[in-house]
Amino acid sequence: MKTFRYLENVSTLLLDQEGCIGCGMCTAVCPHQVFTMENKKSSIQDLDACIECGACASNCPVAVITVTPGVGCASYIIQTWIKGRDAVIECC
Amino acid sequence: MSLQTELKPMQELPMAQSSEPCCGPPLEPPSKQYEKAGYAVSPYTKSFIKKANRYIPQIKTNLCLGDRLGSIRVRLGVNRSAYKIPPGIYCTGTPDHDSPVLVSANYKLSFDTLRSELKEVACWILVLDTRGVNVWCAAGKKTFSTDELIRQVKECNIEQLVLHRDLIVPQLGAPGISAHQVKKECGFKITWGPIRARDIQHFLANDRKPWAAMREMTFTVMERLVLIPLEIVLTIRPVLIILALLLLVSGINNDIFSFDQALIRWPFIAGGLGLGLFGGTVLVPLFLPWIPGRSFYLKGLITGLSCVLPLTLLKLNSLQPFEHLAIIMTALGISSYAAMNFTGATPFTSPSGVEKEMRRGIPLQIICCLIALAAWVTTPFLGI
Ligand code: SF4
Ligand code: SF4
Numbered sequence: 000m001k002t003f004r005y006l007e008n009v010s011t012l013l014l015d016q017e018g019c020i021g022c023g024m025c026t027a028v029c030p031h032q033v034f035t036m037e038n039k040k041s042s043i044q045d046l047d048a049c050i051e052c053g054a055c056a057s058n059c060p061v062a063v064i065t066v067t068p069g070v071g072c073a074s075y076i077i078q079t080w081i082k083g084r085d086a087v088i089e090c091c
Numbered sequence: 000m001s002l003q004t005e006l007k008p009m010q011e012l013p014m015a016q017s018s019e020p021c022c023g024p025p026l027e028p029p030s031k032q033y034e035k036a037g038y039a040v041s042p043y044t045k046s047f048i049k050k051a052n053r054y055i056p057q058i059k060t061n062l063c064l065g066d067r068l069g070s071i072r073v074r075l076g077v078n079r080s081a082y083k084i085p086p087g088i089y090c091t092g093t094p095d096h097d098s099p100v101l102v103s104a105n106y107k108l109s110f111d112t113l114r115s116e117l118k119e120v121a122c123w124i125l126v127l128d129t130r131g132v133n134v135w136c137a138a139g140k141k142t143f144s145t146d147e148l149i150r151q152v153k154e155c156n157i158e159q160l161v162l163h164r165d166l167i168v169p170q171l172g173a174p175g176i177s178a179h180q181v182k183k184e185c186g187f188k189i190t191w192g193p194i195r196a197r198d199i200q201h202f203l204a205n206d207r208k209p210w211a212a213m214r215e216m217t218f219t220v221m222e223r224l225v226l227i228p229l230e231i232v233l234t235i236r237p238v239l240i241i242l243a244l245l246l247l248v249s250g251i252n253n254d255i256f257s258f259d260q261a262l263i264r265w266p267f268i269a270g271g272l273g274l275g276l277f278g279g280t281v282l283v284p285l286f287l288p289w290i291p292g293r294s295f296y297l298k299g300l301i302t303g304l305s306c307v308l309p310l311t312l313l314k315l316n317s318l319q320p321f322e323h324l325a326i327i328m329t330a331l332g333i334s335s336y337a338a339m340n341f342t343g344a345t346p347f348t349s350p351s352g353v354e355k356e357m358r359r360g361i362p363l364q365i366i367c368c369l370i371a372l373a374a375w376v377t378t379p380f381l382g383i
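Chains as they are written, first to last, in numbering that gives the first Met the number 0: chain U, 0 to 91; chain B, 0 to 383.
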């Protein structure tokens with residue numbers, strides 16, 4: 000999303016390019032066009048656009064993408080601070 | 000092979016015409032096969048089509064007044080959790096075994112948006128049980144999930160309805176669904192559909208290939224505008240509590256408490272609170288891209304300040320400098336907090352980013368509120 004940019008260098012997204020088989024699934028599911036495909040290999044071209052939704056990681060067939068997925072929502076995070084990460088949390 | 004059964008409440012029954020009415024009203028037509036004990040036909044159902052020995056609801060593609068009122072109601076945050084439809088298989092038009100299968104969530108607002116975009120499209124709609132939550136949020140919470148999709152595909156016997164093995168899943172459902180696992184476990188291949196329902200017809204017409212704009216998230220003025228009522232409604236309860244507390248602290252003085260003093264001072268601090276809320280819940284969403292700064296708590300400080308400054312510049316003579324300070328700090332703290340909360344409704348904030356700005360924003364907001372409280376409470380003791 001070009002009109003909206005959020006904080007820089009915070010995303011936990013990692014891609015192990017070695018293992019990529021070039022299926023293109025990550026480029027298809029990412030809602031913020033974080034990846035590009037070059038020579039049958041995916042690469043991260045816009046890390047700061049990543050919202051850590053986890054779509055790429057759960058759809059990479061060879062599991063070479065990792066990201067700590069979560070909900071980018073302040074009241075949700077406050078509740079995880081209070082109740083702990085695994086608690087049942089009311090949100091959006 | 001499909002048998003169309005129109006839902007007509009009344010039918011002329013020859014017998015009822017010829018014979019004199021006796022006890023009770025005229026006879027209703029006999030019950031249809033799809034009418035089942037304990038079930039009611041939902042208002043969005045146009046008729047039923049019979050396929051593979053069962054009746055599948057064929058839904059309307061135009062929304063009625065009730066649907067629109069319902070949308071307004073949930074946008075206002077009234078009874079949001081009860082706005083859902085039963086999960087399972089539905090259809091629009093008269094689909095056959097080649098028709099596409101669209102997957103959706105059982106939040107009624109999503110369902111209404113989808114069906115209103117399916118005019119003249121014959122397709123199957125597989126609705127997952129997301130507990131009345133939209134696709135994006137449900138995918139994040141893993142109720143719109145691989146397991147749920149596989150379960151519904153099996154439960155609804157999609158294999159009997161279509162010859163192909165394709166499912167069209169909204170791209171925003173991808174965080175919850177792993178396409179290769181679905182394929183492995185139930186044989187259906189997932190095609191990622193457009194983000195917005197309004198692109199679905201173009202998508203289907205374009206050989207099920209989305210073009211770039213369909214796959215990109217947007218956050219237009221209108222998309223932000225519809226979120227504002229809910230942002231406000233969600234603050235009502237905490238705000239009422241804060242207002243009550245403010246009334247209490249406004250009356251504290253040398254004689255412990257004066258109700259008259261509370262009534263005179265309270266409107267000013269309540270005004271600071273109101274302006275802060277306006278800055279955080281209305282101005283921030285509305286002017287989001289144009290307010291400087293990337294962190295929402297900073298954006299909130301800016302809008303809060305711009306709302307409250309005119310009030311303090313009014314030179315209200317009855318107010319002491321400390322009271323001006325208290326009003327400004329209240330507006331800043333509240334506006335910053337409310338703005339930070341809006342991160343949850345935006346489609347471009349990452350949890351790591353939100354957590355980072357919260358570590359800076361929350362201490363700042365607490366300091367603002369403490370300064371405000373201290374300044375407000377001490378004024379009557381200063382004897383000016
Ligand atoms: S986590 Fe989401 S936003 Fe980030 S790269 Fe993956 S799909 Fe894109
Ligand atoms: S989904 Fe995985 S394997 Fe496929 S292109 Fe992306 S990184 Fe490579």
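There's no promise every hint is true.
Under 8 Å between C-beta atoms, here's a sample of chain B residues computed to sit facing chain U [said to hold, decoys possible]:
#1 Ser-177
#2 Met-216
#3 Glu-354
Output of the computed footprint for chain B on chain U, the stretches with three or more beta carbons under 8 Å from beta carbons of chain B [stated by the list, open to error]:
#4 22-30
#5 33-39
#6 46-54
#7 69-82
Quick caveat, the hints were computed from the structure, so don't treat them as lab data.
Heads up, the beta-carbon is just placed ideally off N, CA and C, and yes, glycines get one too.
Cross-check of the supplied hints:
About 5 Å separates the beta-carbon of B/Ser-177 from the nearest beta-carbon of chain U, less than 8 Å, and the hint is met. Look at B/Met-216: its Cβ gets to within about 5 Å of chain U, closer than 8 Å, so that hint holds up. This hint holds: B/Glu-354 has a C-beta 5 Å from the nearest C-beta of chain U, less than the 8 Å allowed. Here the region 22-30 of chain U counts 4 residues with a CB under 8 Å from a CB of chain B, which clears the bar of 3, and the coverage holds.
Here the region 33-39 of chain U counts 0 residues with a CB under 8 Å from a CB of chain B, which misses the bar of 3, and the coverage is violated. Here's how the region 46-54 of chain U fares: 7 of its residues keep a CB closer than 8 Å to some CB of chain B, so the rule of at least three is met and the hint holds. For the region 69-82 of chain U, the stated coverage by chain B holds: 9 residues have a C-beta nearer than 8 Å to a C-beta of that chain, and at least 3 were required.
Checked against the numbered hints given earlier, the structure breaks only hint 5 and satisfies all the rest.
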